[in-house]
Amino acid sequence: MQHVPAQTADSQDGPGGRRPVSRSVRLFTDGLLDPDALGDERTAAVLLSAAERATERLRPGDLLHAVLDSRDLALLPAIEGALAEGAAPHHLLETLAVYAPAGNGYAFDGAREHVAPELAAAFEEFERRCERDGVGAQTRLELLLACVLDTPSADEREFLAPLLDLDRAAEALRRQVGVQAAEPPELYDDASGRLRSEEFTEDAWAVLELAARRAAELGYDRLLPPHCLLALLAETEGPAERVFRLQLPLQVGLVKALETITQAFRITERGDTAAPRLDRDGIGESLRDVLHAARTTAARWDAERTDTPHLLAALLDSPPQRLAAALAAEPLRLDIKRLRESVRDVLSESRSAAPREVPFRLPAFLPPSEDLTWLARTGAVGPAAHLDGYFEPLCRALHRSENNHVLITGLPGIGTTTLLRELARRAAAGEIPFLRRKRFLRVDCKDVAAEDSGDQLTALIGQVAGRTDLVVCVDGLGPLLRGRHGTDHLLELRRALKERSIHLIGVLAGHDYEDLVAADHVLQELTSRIDMAEPERDAARDMVRLAADALEKEFTGIRVEHHAVARAVVLAGDFVRHQRLPLSAVKVLRRACEDLDYARRQLGDERSAVTLSEVADVVAELSGMPREQIAGTGGERVDYATALRAEVVGQERAVRVVADELRRIKAGLAAVSSGPASVLLFAGLTGVGKTELAKRIAGLYSASKRLQTYPMENYTEPHSVSGILGSPPGYVGHERGGRLINELNSDPYCVFLLDEAEKAHPEVLRPFLNLFDEGWITDQRGVKAHGDRAIFILTTNAGHEIISRLGEDSSDEEISVAVRKKLAAERSRDGTPVFTPEFLARIRRVIVFRPLDGEAMTAIGRKVLDRQRAFWREKREKELIVPEELVRHAGDLGHGLNSDAGGREGGRIMAKVLSDLVENPVLAAAEERPEEFQACDRIAVEFAPPPRSSARDELFSVPGAAAAASRTRVRFLPPEEPADSGELSSGEGGLTTSGDSGKGEARDEPGPTG
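Start counting the sequence shown at 0; every next residue gets the next number (numbering that gives the first Met the number 0).
Fair warning: there could be bad hints in the mix.
[To be verified] Think about it this way: if two alpha-carbon atoms lie no more than 25 Å apart in a straight line, the pair counts; the simulated SDA-like pairs of lysine to any residue are: (1) K704 <-> A642; (2) K783 <-> V731; (3) K336 <-> Q246; (4) K497 <-> L186.
[What the hints assert, rightly or not] Pairwise CB distance ranges (calculated): (5) A328 <-> P358: 35 to 43 Å; (6) E553 <-> L253: 39 to 47 Å; (7) A233 <-> R494: 50 to 58 Å; (8) A233 <-> T54: 48 to 56 Å; (9) E401 <-> T272: 17 to 25 Å; (10) E513 <-> D454: 47 to 55 Å; (11) A181 <-> A608: 51 to 59 Å; (12) P836 <-> P727: 51 to 59 Å; (13) T272 <-> R735: 25 to 33 Å; (14) A324 <-> R493: 48 to 56 Å; (15) R395 <-> A181: 43 to 51 Å.
These are computed hints drawn from the structure, not numbers from a lab. Virtual Cβ for every residue (Gly too), placed ideally from N, Cα, C.
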């Protein structure tokens, strides 16, 4: 063997510590092994050690033993990664000592012919690859060992196989060669100059941030290796703490060590220097080299990102001279070589353990957030293949080198959040290579108040600035950008995007995009828009099925049938109209699972599956529609005419027409047209039952059972349309939206009453034109509401003189035509038509309410007395008894008074009449005889009707009032007084009198009629 040092073309380091391409690499000189010809001390030392151990022949096992015995930290990662479970490098040494024993010291003479054939082949392959690939001196030993492990002898493979996977070890060594030969990953972001945080784990990045603060405390404006070491030592139970505790003297603890290193590098006592930024300007060259070395160490140990052990290993591998001196000096007395060996053990342990996944968290004062990447890596995000169509434009936008921000627009509930989760899942799984190291953080800003939005946006940008690995997904970007009194924060967002302080994916509604972004051309250039539409039902079904699978895991023992999923999509789309698919269907299934879980746990129900029945129950509860109608089973037939007639009297024709409309809607025939379920116009005098009938319709049809009333006399100005559609952008209340849209979305089966519609300004009725035609309407925010299941009722007094003139001799059709003509002639104050021909054409039916006759007034009087009797019974615990003669007399009086007033009084007059005939006399008698009133449990009102011709004169003239009062008597009947056949009584369902009303012990006293 020759030992003359040889100088090759690549024996000197090139720029950055790399070797130029080798022109010639030879292991043998004149037929003898010449280790020094390689120009690499590591390889030469291993070859000499192998030659010393060899017998007369140099074997592959000799070279492997020499490598293991050298404890080369660069080689051990590849070897340890291929060891069998429980095996260690010293086990390999022991095995080689038995099966490939050493010779008697330099028995090998170095001749080529005395090299084992397998090792000779490995040497030839090594020389060939060095020349072909230009392998530098730094990694020649790795390449040489890989070639040796590729060609072991049969015996060596047999005894090494139980301990070491030779092929795996060789492959790992070749990867190390490739890592060293490849250009190192760029540490800094090209555009911003910031350190690329995606190259580091969360723990390592936290150490670097702490190191920047330590540098500032010590008075430095740049980050250096000592500051990084101080931050590593401050990490609780971190690798630096473990390694240093093994060597620190007993009298010197970790705290004392930190103080010693701190004082050794302090240059000021004030510590008021601003922390250096983690960028090209803030990181010193010496620490930059450490970071490069740490990245190389991470690659050797098959780590995707640099972690704290890799930082520590790089620091100790080539510490600055001043730092090395501080560690070796008193009182620390640390042996850096031993520290390196301890770090190697830590690296070996960390390699076998799964990397620690830590979610990124925002401070509590910011909006709630979730780390989507962490959720994806921990298996909390399922696949969503139905969104494939959005990924090509989304990934293309995110891949841009500049202006790679995205705005996703769409209505709530259509899957925008699911798209963000799927993006994070695919990136974490490596399906999108350029996003593999990105971390997606979703921030829920939908509930940020306008007065807080500016501070929240500033704080959010400040928290994520400098993190090049973060993609911030702001769900609810619109509220975050809207300030008080119509202001916005677009300028601050634009500045942050230009400076690359934040990588943004914003989710906002379409109307927010149009209001905020559409007019800002700079922001449009900085971002790319992806508009999401509500999925078709087939796609929604796939999405809901995935959600159903998650619900089955959440509710143990409950499964969701496939038919139930399909039915939930159909029913939610048809009946839960204020929400969008697929969210509406998912909510239906969740409610069904919750209800079934309650029944199983609390009621002992044995059902275990969500079926069509449970889905129909939930949709009926959410929509207010009868279950039978939703399930399609028909259900009990409702007699609408009888139900309406119970509340509205004297309008038999109107009741019959409305009952026919409700039957048509229930049968589903209203869905044939594109407008609302029905648009009705109630025409007639005041007080004839129009509003009462509308209330009864709401009670039978609406889920809320309430009539939404719009007094159109309050909408006489053009700007008053804001009371329906909401305030325009920039005005107070804009974020609340329009009342009509909100009520439609809250209850799609609502009944709306536009009272006295002829008093509204034409601009106020204009939005209803499209609503009555297409069945939908949008407010000033752009929020859309469907009115195709609502009933709209307009009332008008405009044609009352026509109704009075045509009278009973004309049909409802004739009166309807006349009323339409009258409405078409109505003009607003500026002379424009209130009702355009297009608007009138969208009214399905004009229902005529005729003047009330005497029988109708009597029936209304009975309803008024029913309410009075209920009051006395519930509030005073006394029974009010009124004779039928008084009721008929009151009806005659009411009809006459209404006729005298030209029909303008209506049924309301009956409350006044009965107040004078019943309530006032009872109150007067109670004041005169308080003891009897307190003791009684029945109040009997006796009445002797006057001649019919003078009834109204007697009641409503001063002399006549006394005469009418003389015919009203009030008796207080105590509980002990038995009722006889001659007493007045109040029979169930009506008011009656039987026999003589003058018997009884109570005194008869006149009562004033008022």
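Quiz item: Which hints from the list above does the structure break, by number from lowest to highest?
Solution: Violated hints (numbers, rising): 7, 9, 10, 12, 13, 15; every other hint is consistent with the structure.
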